[in-house]
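Colleague: Listed here are the chains, written in short residue letters.
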Amino acid sequence: MPLSRTLLADLERIVGAGGLVRSYEGRLVYESDMHTFYKGAPDVVALPTRTDQVVAIVRLCRAERVPIVPRGSGTGLIGGAMAPQGGVMIGLNRMDKILEIDLPNRCATVQPGLINLFLTRAVANRGYFFAPDPSSQMVSSIGGNVSTNAGGPHCLKYGITTNHVLGLELVTGTGEAVRLGGKVVDRPGYDLTGIAVGSEGTFGIVTAVTVRLLHAPEAVRTILASFVAIEDASEAVSAIIAAGMIPAALEMLDEMMIRAINEGSNAGYPKDAAAVLLIELDGPLAEVMAQSERAAQICWERGALEVRVARDDAERALLWKGRKEAAGAVGRITAAYLLQDAVVPRSKLPQIMREMVAISRRYDLLFANVFHAGDGNLHPLICYDDRKPGELERAQQANEELLHACIALGGSVSGEHGIGMDKAKNLPLQYGEADLNFMFRLRRVFDPDGLMNPAKLLPSHPACGEGFRPSRPTLPAGTWV
Amino acid sequence: MLAGLRAIIGAERVCDGGAAVDGVVPRWSAAPATIEQVAALVALAYDEGLVVVPRGGGTALELGHPPARVDLVVEMRRLDAVLEYQPEDLTVTVQAGCTAGALAARLAAHRQLLPLDPPGWAGRSLGGLAATQATGPLRQRYGGMRDLLLGVRFAQADGVLTWGGAKVVKSVSGYDVPKLMVGALGTLGVLLELTLRLHPAPDYEATWLASFRTPAHAQDCVASLLDSTVQPNRIELLDERALAACGLPASAAALAIAIGTVEPAVRAQEGVVKTIARGAQGSVETMGTSFWRTYDRVLAGFDGVVLRIGTVPARLMAMLGAVQAVLPGAAVAGAAGVGALHALVTHADAGVLGAALERLRATVGEVGGGVIVERAPRALRERLDPWGPVPAPALQAMRALKHEFDPRGVLNPGRFVGGL
Numbered sequence: 001m002p003l004s005r006t007l008l009a010d011l012e013r014i015v016g017a018g019g020l021v022r023s024y025e026g027r028l029v030y031e032s033d034m035h036t037f038y039k040g041a042p043d044v045v046a047l048p049t050r051t052d053q054v055v056a057i058v059r060l061c062r063a064e065r066v067p068i069v070p071r072g073s074g075t076g077l078i079g080g081a082m083a084p085q086g087g088v089m090i091g092l093n094r095m096d097k098i099l100e101i102d103l104p105n106r107c108a109t110v111q112p113g114l115i116n117l118f119l120t121r122a123v124a125n126r127g128y129f130f131a132p133d134p135s136s137q138m139v140s141s142i143g144g145n146v147s148t149n150a151g152g153p154h155c156l157k158y159g160i161t162t163n164h165v166l167g168l169e170l171v172t173g174t175g176e177a178v179r180l181g182g183k184v185v186d187r188p189g190y191d192l193t194g195i196a197v198g199s200e201g202t203f204g205i206v207t208a209v210t211v212r213l214l215h216a217p218e219a220v221r222t223i224l225a226s227f228v229a230i231e232d233a234s235e236a237v238s239a240i241i242a243a244g245m246i247p248a249a250l251e252m253l254d255e256m257m258i259r260a261i262n263e264g265s266n267a268g269y270p271k272d273a274a275a276v277l278l279i280e281l282d283g284p285l286a287e288v289m290a291q292s293e294r295a296a297q298i299c300w301e302r303g304a305l306e307v308r309v310a311r312d313d314a315e316r317a318l319l320w321k322g323r324k325e326a327a328g329a330v331g332r333i334t335a336a337y338l339l340q341d342a343v344v345p346r347s348k349l350p351q352i353m354r355e356m357v358a359i360s361r362r363y364d365l366l367f368a369n370v371f372h373a374g375d376g377n378l379h380p381l382i383c384y385d386d387r388k389p390g391e392l393e394r395a396q397q398a399n400e401e402l403l404h405a406c407i408a409l410g411g412s413v414s415g416e417h418g419i420g421m422d423k424a425k426n427l428p429l430q431y432g433e434a435d436l437n438f439m440f441r442l443r444r445v446f447d448p449d450g451l452m453n454p455a456k457l458l459p460s461h462p463a464c465g466e467g468f469r470p471s472r473p474t475l476p477a478g479t480w481v
Numbered sequence: 001m002l003a004g005l006r007a008i009i010g011a012e013r014v015c016d017g018g019a020a021v022d023g024v025v026p027r028w029s030a031a032p033a034t035i036e037q038v039a040a041l042v043a044l045a046y047d048e049g050l051v052v053v054p055r056g057g058g059t060a061l062e063l064g065h066p067p068a069r070v071d072l073v074v075e076m077r078r079l080d081a082v083l084e085y086q087p088e089d090l091t092v093t094v095q096a097g098c099t100a101g102a103l104a105a106r107l108a109a110h111r112q113l114l115p116l117d118p119p120g121w122a123g124r125s126l127g128g129l130a131a132t133q134a135t136g137p138l139r140q141r142y143g144g145m146r147d148l149l150l151g152v153r154f155a156q157a158d159g160v161l162t163w164g165g166a167k168v169v170k171s172v173s174g175y176d177v178p179k180l181m182v183g184a185l186g187t188l189g190v191l192l193e194l195t196l197r198l199h200p201a202p203d204y205e206a207t208w209l210a211s212f213r214t215p216a217h218a219q220d221c222v223a224s225l226l227d228s229t230v231q232p233n234r235i236e237l238l239d240e241r242a243l244a245a246c247g248l249p250a251s252a253a254a255l256a257i258a259i260g261t262v263e264p265a266v267r268a269q270e271g272v273v274k275t276i277a278r279g280a281q282g283s284v285e286t287m288g289t290s291f292w293r294t295y296d297r298v299l300a301g302f303d304g305v306v307l308r309i310g311t312v313p314a315r316l317m318a319m320l321g322a323v324q325a326v327l328p329g330a331a332v333a334g335a336a337g338v339g340a341l342h343a344l345v346t347h348a349d350a351g352v353l354g355a356a357l358e359r360l361r362a363t364v365g366e367v368g369g370g371v372i373v374e375r376a377p378r379a380l381r382e383r384l385d386p387w388g389p390v391p392a393p394a395l396q397a398m399r400a401l402k403h404e405f406d407p408r409g410v411l412n413p414g415r416f417v418g419g420l
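As given, the protein sequences belong to chains P and R, one line each in that order.
The first sequence begins at 1 in the numbering used here and counts up by one.
The second sequence begins at 1 in the numbering used here and counts up by one.
Each hint should be verified, as a subset may be incorrect.
To be verified - Covered by chain P, per the in silico footprint, the following chain R stretches (three or more residues, Cβ under 8 Å):
#1 141-150
#2 307-314
What the hints assert, rightly or not - Away from chain P, derived, C-beta distances all over 10 Å, residues of chain R:
#3 12
#4 80
#5 109
#6 216
Said to hold, decoys possible - Here are the simulated distance ranges between beta carbons:
#7 P/9 <-> R/83: 57 to 63 Å
#8 P/448 <-> R/304: 52 to 58 Å
#9 R/391 <-> P/139: 32 to 38 Å
#10 R/389 <-> P/121: 36 to 42 Å
Keep in mind that the hints were calculated from the coordinates and are not lab data.
Glycine included, every Cβ here is placed at the ideal spot set by N, Cα and C.
Build the full structure now, drawing on both the sequences and the hints.
Modeller: In structure tokens, the structure reads:
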């Protein structure tokens, strides 16, 4: 339904003509996030610069029952920052200021449009950093990171975005600006900050974020170990964890991925390797030295072909180069791919890798793997040729089957990307009707009209609808007789 | 009603009366053995309009507003199993009645730990630690319960068994329901099972006591430690009275600093810690690891009024001064690097305490902090707000949550912030 002329005029009054994108071509830029499979352009994009403008926009849309979709840099991978039902998109890119840096209390308050890496750059010379480091950190916004509760290669040690968010300013679906949390970690009341992080814009629009800053470690050491069998690499991962280390990052690449990377870059991974393990340890120098020696030794003991230890930042960058280029490198071996983000308990890695080989054979599709082995977060790229009829469908089926396998092993449908439109349908794999219903009701508390980023995060499922009643406990037979 | 309760869990597991909760003798007490029994009890309570109070270790029952009424106490002590423990995954799933001490013993065999050590932690139930977001020295390095709780099973107010979160260390699928349950005092659900993130136990740990001439020097030392690359497990601030209570040498303020990692790294950081402390004109002595047991015993064993103060690390000295000004004689101790302090108050009547809370809340309010009464006789708590103010828009959202998930007021009603 096109927006009313008065709504557009009111929006223009709020953000100015220069803060509104109305043209077809302009709106098309906003029709998808980086999961380009899901498309839906908003009817208009508003680009506010202040919280009070966001409040005014939400109230306006609420009065006219128009859907609202927040968007940061649009680098999500889930079909999240796009408008399947049209409506008003609120682009937060112009709210990109650092509001306060408070190093004595190790925190900063920023606007949501600030690019993740810019925060670290602003404090790096004083020895601090912002820990969440999704691969997109050069372009993704902190508001977007908060929205999806983004992870990154270093969250094995440092945790995901939620562990670094101390407070939020949230404009709820009812158009109230609420301050949640703050610099102080212990505050009375429900942890509304905690529940809002990862809510993918369904509770409201985040207009300011107070984040934790960490002191940079004294030392960082990166090790690259290659193996002839992926089982050996998996065993090395287990042994490193069992030895009492929590590396900052513990990444694995499989044979297919190694081949793709070697074809295009000078990362120089051994060509007969079936698995490469990238281990990064950071912390106090003496700890890093002791643990990196132990980790290297573990890799040798598990039959590593080669173990390389970076001696300086340049070498470290080289070891990471292949890993960072992985998603791009896959372009050399396939026309298109689906990216999975499921998680299994770390101890189930060997099992899921075997399962993956079987699925790949069954569907006659190539799987290339680059993943966060330390926390069991898989990122298989399921390769297909989009020019061949039926191949996408086959890839989707293989994807679903893999997801089922991960859940059967006690895993989760998403480790760090989020749900959006893409995985909403998969949530019932992981959650029962009562669990889904609880989440539905939670959403309704913050957004009673169902206007905030609709069609995302929760599936269309009876348990996520009005009037559903989960089955209550049955009392023992004969209780009332 | 008693017949109904008996039919659910058996006659021998339910009784009239029972141990008082914050001065109120319940009408019935039940000790279920399965989560299905808890669910059925809560469902019955919901249908009959009863007030349910879950009870874990029973050590934090004085937290919050005094209950007006307690119909059914659900004792969690029999729900104490470790359900799943795969050391390699660094996760564990336990029933909520399992004590932190029992779990620690189980984990020690694999050199792992759940790094939660609020006062008296060993005897406290994990469900209770989650419901109260109790905090201890290890928060400095490992974060709090909110950072460690990965998944949670609970009974909603109508008895529906519900799961939130995941059993893996990394998951962002759906809303982060476990966060909602941490610190909620059981007002949104009866916690039944928890999946927790574990950490490897450090190979070696050493503790030092740095004593200072003034609290300002201690503050400087904290600032320098935080602005360095050392990674302490704990940095506890003890004022003059807290030192005396622990039987330690007198000084204006001291920091108990622990570092745990591989031994060479402990040794290397020891040098840095000493240099930093001496830079703040402190004197440093090495403590045995038994210090932490003493410290825990002193805090847990204190039987006066306990306040939990949430401030920021840069305002410790201001906080010590404020406490001394309004509650002379109170001992202050807590996690300096986190700004989570405890004030132990021996003598205070409601008038003094009320005025003191007002002043302290105004002081921490400047940085958005708060002061809660963690423990105090019921008579005192009846005359003051144990939680302190919550800003109106946030309280409105909390009220809406409570109304949605417990409209009949079954779960610990009236005890939480704003009388929720």
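Colleague: Work down the list of hints and note, for each, if the structure agrees.
Modeller: Taking the hints in turn, this is what the structure says about them:
Interface restraint, the segment 141-150 of chain R with chain P: holds (4 residues with C-beta to C-beta distance below 8 Å; minimum three). Using a Cβ-Cβ cut-off of 8 Å, 6 residues of the segment 307-314 of chain R lie near chain P, which meets the minimum of three, so the contact claim holds. At roughly 15 Å, the least C-beta separation between residue 12 of chain R and chain P is larger than 10 Å, which holds for a residue marked as non-interface. Its beta-carbon lying about 21 Å from the closest one in chain P, residue 80 of chain R satisfies the requirement of being farther than 10 Å from that chain.
A cut-off of 10 Å between C-beta atoms confirms that residue 109 of chain R is not in contact with chain P; the least separation is 13 Å. For residue 216 of chain R, the shortest C-beta to C-beta distance to chain P comes to about 14 Å, beyond the 10 Å cut-off, and the non-interface label holds. The hint said 57 to 63 Å for the Cβ distance between residue 9 of chain P and residue 83 of chain R, and at roughly 60 Å that hint holds. Between residue 448 of chain P and residue 304 of chain R, the C-beta spacing of about 45 Å breaks the proposed range 52 to 58 Å.
About 34 Å separates the C-beta atoms of residue 391 of chain R and residue 139 of chain P, a value consistent with the hinted range of 32 to 38 Å. For residue 389 of chain R and residue 121 of chain P, the hinted distance range of 36 to 42 Å is satisfied, since their beta carbons lie about 38 Å from each other.
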